[in-house]
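S.K.: So the protein sequences, as listed, match chains A and B. Using this note's numbering, read the first sequence as starting at 8 and increasing by one per residue. Using this note's numbering, read the second sequence as starting at 8 and increasing by one per residue.
None of these hints come from the bench; they were simulated from the model. Relax, there's no trap hidden among the hints.
No distinction is drawn between identical chains; accordingly, a pair holds when it is met within one copy or between any pair of copies.
Once the Cα atoms are required to be at most 20 Å apart in a straight line, the calculated DMTMM-like pairs of lysine to aspartate or glutamate come out as: (1) LYS195 / ASP61; (2) LYS195 / ASP58; (3) LYS146 / ASP116; (4) LYS195 / ASP63.
Protein chains: 2
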Amino acid sequence: MTAPGRFNERLSLVDAWEWLDACPDVMGCEPSPLQQSFGRVLSAQLTFPADRPDRDLAIGDGYAVQAESTFGASSYNPLFLTIVPKGVALTAGCASICHAGETLPVGADAVLPLEAGEAAGAVLEVCDAVARGAGVGHKGQAARRDDVAVPAGCRLGVAQIALAASLGVTHLTVRRRPDVALVLAGPKPPAIEALGIALSALTARDGGSARFVRHHGDTARTLSCVGLTDLVLLVGRSGWGEDDDAEQAVAAAGGRIDHHGLAVTQGGSSGFGWLGGAPLLLMPGEPLAALVTYELLAGRLLRRLAGRPAVWPSPVRRFTLSRKIASPVGVSEFVPVICHGSSAEPLPLTPADGLTGYARADGFLVVPAGLEGYAPGALVDVIATFNDTISQDSA
Amino acid sequence: MTAPGRFNERLSLVDAWEWLDACPDVMGCEPSPLQQSFGRVLSAQLTFPADRPDRDLAIGDGYAVQAESTFGASSYNPLFLTIVPKGVALTAGCASICHAGETLPVGADAVLPLEAGEAAGAVLEVCDAVARGAGVGHKGQAARRDDVAVPAGCRLGVAQIALAASLGVTHLTVRRRPDVALVLAGPKPPAIEALGIALSALTARDGGSARFVRHHGDTARTLSCVGLTDLVLLVGRSGWGEDDDAEQAVAAAGGRIDHHGLAVTQGGSSGFGWLGGAPLLLMPGEPLAALVTYELLAGRLLRRLAGRPAVWPSPVRRFTLSRKIASPVGVSEFVPVICHGSSAEPLPLTPADGLTGYARADGFLVVPAGLEGYAPGALVDVIATFNDTISQDSA
Numbered sequence: 008m009t010a011p012g013r014f015n016e017r018l019s020l021v022d023a024w025e026w027l028d029a030c031p032d033v034m035g036c037e038p039s040p041l042q043q044s045f046g047r048v049l050s051a052q053l054t055f056p057a058d059r060p061d062r063d064l065a066i067g068d069g070y071a072v073q074a075e076s077t078f079g080a081s082s083y084n085p086l087f088l089t090i091v092p093k094g095v096a097l098t099a100g101c102a103s104i105c106h107a108g109e110t111l112p113v114g115a116d117a118v119l120p121l122e123a124g125e126a127a128g129a130v131l132e133v134c135d136a137v138a139r140g141a142g143v144g145h146k147g148q149a150a151r152r153d154d155v156a157v158p159a160g161c162r163l164g165v166a167q168i169a170l171a172a173s174l175g176v177t178h179l180t181v182r183r184r185p186d187v188a189l190v191l192a193g194p195k196p197p198a199i200e201a202l203g204i205a206l207s208a209l210t211a212r213d214g215g216s217a218r219f220v221r222h223h224g225d226t227a228r229t230l231s232c233v234g235l236t237d238l239v240l241l242v243g244r245s246g247w248g249e250d251d252d253a254e255q256a257v258a259a260a261g262g263r264i265d266h267h268g269l270a271v272t273q274g275g276s277s278g279f280g281w282l283g284g285a286p287l288l289l290m291p292g293e294p295l296a297a298l299v300t301y302e303l304l305a306g307r308l309l310r311r312l313a314g315r316p317a318v319w320p321s322p323v324r325r326f327t328l329s330r331k332i333a334s335p336v337g338v339s340e341f342v343p344v345i346c347h348g349s350s351a352e353p354l355p356l357t358p359a360d361g362l363t364g365y366a367r368a369d370g371f372l373v374v375p376a377g378l379e380g381y382a383p384g385a386l387v388d389v390i391a392t393f394n395d396t397i398s399q400d401s402a
Numbered sequence: 008m009t010a011p012g013r014f015n016e017r018l019s020l021v022d023a024w025e026w027l028d029a030c031p032d033v034m035g036c037e038p039s040p041l042q043q044s045f046g047r048v049l050s051a052q053l054t055f056p057a058d059r060p061d062r063d064l065a066i067g068d069g070y071a072v073q074a075e076s077t078f079g080a081s082s083y084n085p086l087f088l089t090i091v092p093k094g095v096a097l098t099a100g101c102a103s104i105c106h107a108g109e110t111l112p113v114g115a116d117a118v119l120p121l122e123a124g125e126a127a128g129a130v131l132e133v134c135d136a137v138a139r140g141a142g143v144g145h146k147g148q149a150a151r152r153d154d155v156a157v158p159a160g161c162r163l164g165v166a167q168i169a170l171a172a173s174l175g176v177t178h179l180t181v182r183r184r185p186d187v188a189l190v191l192a193g194p195k196p197p198a199i200e201a202l203g204i205a206l207s208a209l210t211a212r213d214g215g216s217a218r219f220v221r222h223h224g225d226t227a228r229t230l231s232c233v234g235l236t237d238l239v240l241l242v243g244r245s246g247w248g249e250d251d252d253a254e255q256a257v258a259a260a261g262g263r264i265d266h267h268g269l270a271v272t273q274g275g276s277s278g279f280g281w282l283g284g285a286p287l288l289l290m291p292g293e294p295l296a297a298l299v300t301y302e303l304l305a306g307r308l309l310r311r312l313a314g315r316p317a318v319w320p321s322p323v324r325r326f327t328l329s330r331k332i333a334s335p336v337g338v339s340e341f342v343p344v345i346c347h348g349s350s351a352e353p354l355p356l357t358p359a360d361g362l363t364g365y366a367r368a369d370g371f372l373v374v375p376a377g378l379e380g381y382a383p384g385a386l387v388d389v390i391a392t393f394n395d396t397i398s399q400d401s402a
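Turn these sequences into a full structure, and let the hints guide you.
M.R.: Rendered as C-alpha cells:
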C-alpha cells in the first residue's frame, strides 16, 4: 500500500494525462441501425453508390422548356408557349410544369422560373429568356459514384444520418461504444445515488455506456465480477483510512495499481491501474471530488476510446477573472465559475459546499500546478461544461 | 387555395417568425423521475430541505484538533498530540484522523492538514499551527434551508440532477415535452425515410417528442387521425401542383391556413395554420427544403414550447466569407458553409445537390431578404448546427 501521498509524491495532472493517453485503443467496430447511430463515430467510410443526382433534374419550381424557345422574350416582348402535360417529350415552342427535384422531360434543356411565365389555360406567356442549362441540376453534379459521402472517423449528426438514409443505407459500421464498469464502493445514500446518476450521464455524454457492478461490501469480490470491459471506475474507498481497501482489492482481484495519489486539490486519492487488461481508475467517493475526477481524468480517456477528441467536450472561452483565486503551488485546482458577460466569478468548491457550487456554475477552469492562482483581472480559459445539458446518445 | 405565391406575396421570414412567436404557449408540467430528467426544463423550483452542510464537517483530509493545541507549533518547534480513535470527543492535546466530508468530532474546532502532521503510533508530531475554524466547513455555509437549489426554468444538466439526487429528491416537476405530430405526405422512399429520421432527431434535439402519423394516401383523413398534439408538421404536397393537396386537406380536416408561401429560396411552399387548436406548418417534401424549413421555422417554435430559448440552439460565430454569395433581393436564403480557421466557404445547396452539401457543412448562414448577398471578405454570422451531433434527451 502506498503511503498517504504528500504533494511531491503525487502524480501531477500532466503526468496523469500522459498515463491516460498511453492506454491502448483496442476498440473495434460494430454494425448499427441508422436510427440508433446518432452521435456514434463512423468506422468505415460511406461512399455514393451512384452519381448524385443520378439524372438531370429541375432545381426549382417552374416550366421545363427548350431554352431557345424563350430567346428574345421580355416583359415588352412576351413570347407564347404551349403547355403540354407533364411527362410528354418537349418540342420547340412547348413547356410543361416542373417542380424542384423532378426529372427534366425528354427534349427540355432549361427550367423557366415560375415567376417568368404566366399560364392562361394551355398558353404560357413568357416574359424572360433563359439560357440553356438554367435551372437544371446535372447528373453527377453533387457527387460521382464512389465519392466519399461520410468519411471514417466522422461523428454522425442529423445531416450525415439523413444523407445515408437518402442513399438507401439502413446500417452503418460504427466504432464500438466503450463499456464502462462503474463500481460504487462508497459513499452512503443519497450521495451514492447522486454519484451513480451523474457518472452514468457523464459516461453517456462522452460516448460510453455505463454498467453498474453492484458492490456487495467486499470490494475484491465485487471487482472479480466486473467481466469484460473497456474501463473500470472504482469509486470510493480510495483514500488511506481504515475502510479504504480499494488499492488492496484491485491487487486481490488480480489487477495492479501503477500510481496512487494525484496532485489535484479535489481527488488527491485518485489512482491509476489495470484490471483484466482494462484501464482502472480509483476515484474518491466524496461526490464532488468524484465528479471533478471524472471531468479531469475519466472523461478524457473515455472520449478517446469512443473515437472522439480527448480534449474538453465543451467550448473553451476566454473570460476575465472578477476575483482572485489562491491555489497552492504543486497541485492543480479545479475551480467552478459563474460567467456574466466577459467576466468569470470563481465559486467556492469544498466538500462543505457539496454539489451546490457545481450546480450553479457555468463552467470551470483548471489552475495549473505551477501557479499560485490568478490575480483579479487575469484572462482565463473557461470550459463551459456544466450547464450544457447532456448529450445522451441513443443507446 | 392561394395562388402560386410570387415573391412579393409570400410571407417574409421575419413575418413568419412573428407568426411563430405569437403561437400561444399552453404547455403544462408533469412529474419526471430524476434519471429521465436530463435536458428537461424545471417547472417548479427546487429548494434546499435543510441547511447545507447540515453540520460542521472537515473540508479536507487531516486531523481534527482543538486549534489551541497547535498554537506555537512549527518545523523548528514541533508539538506532540495524542491520537485518539475516531468518534471520541476531543480534548486539549488530542487529535483524531478525519476525512474530507466527515463530521467533526465533538470538541474539535479545526482540521490540521495531513501534511502538517506526522503520525508515529499514537503520537502526532505537529509542525504547523492552525487557526480556529481552519479546514472546517460550517453548517449552512453553502446554503440555508429553503434557499433555491435549482431555479424554475433551468434546463437540467448533470450538475443539477446530481444536486437534486444528493438532496434525496427522486422526481422533479418539469415542463411537459411538446408532442410533435409528423405527417409525411411526401416524398417517395428512400427520401421519406431520410426525412423521417432527420425530423424526429431534430425534434428530439429541440426538446420535443416526434410521433409519426401514418399517411394512408388521403391527406385529409390522415390529418383527422392526428389527435391531441402541440404542433403538427405536414410534410410534402405543400406546393401548387396537381398532387399538392396539403392546404385543402387542412381545411377538409377542420383546420385553417393563415399564410401559404414563404419568401425563402428553399421552402417557398411553406404554410402556417392551425389544426385542432395546435399550430400546423406546411413543409415542402423535398428533403433538403424540408430540413431547411425545419431549421428556419419549426425548430424555433418547438424550442419555445419546450421552454428553451427560441434562438438557434448552436453557437453563432463570426467568420469571413471566402467567396461571394449572390442571393435575390426579396427572399431570404439559407446557405450552408464549411469553416476553415476564421474563414467560411459557402456550399451549393440545390435539390440537385441533395443532402450532400448539408452533410458536409459545418454550419449555415441566412442571407436576409433585403440583401443581394455578400461580397467575398464580408463578416457573416454562422450558426454551427450541422455537425453538432444531436442532443437526444432521454425520452
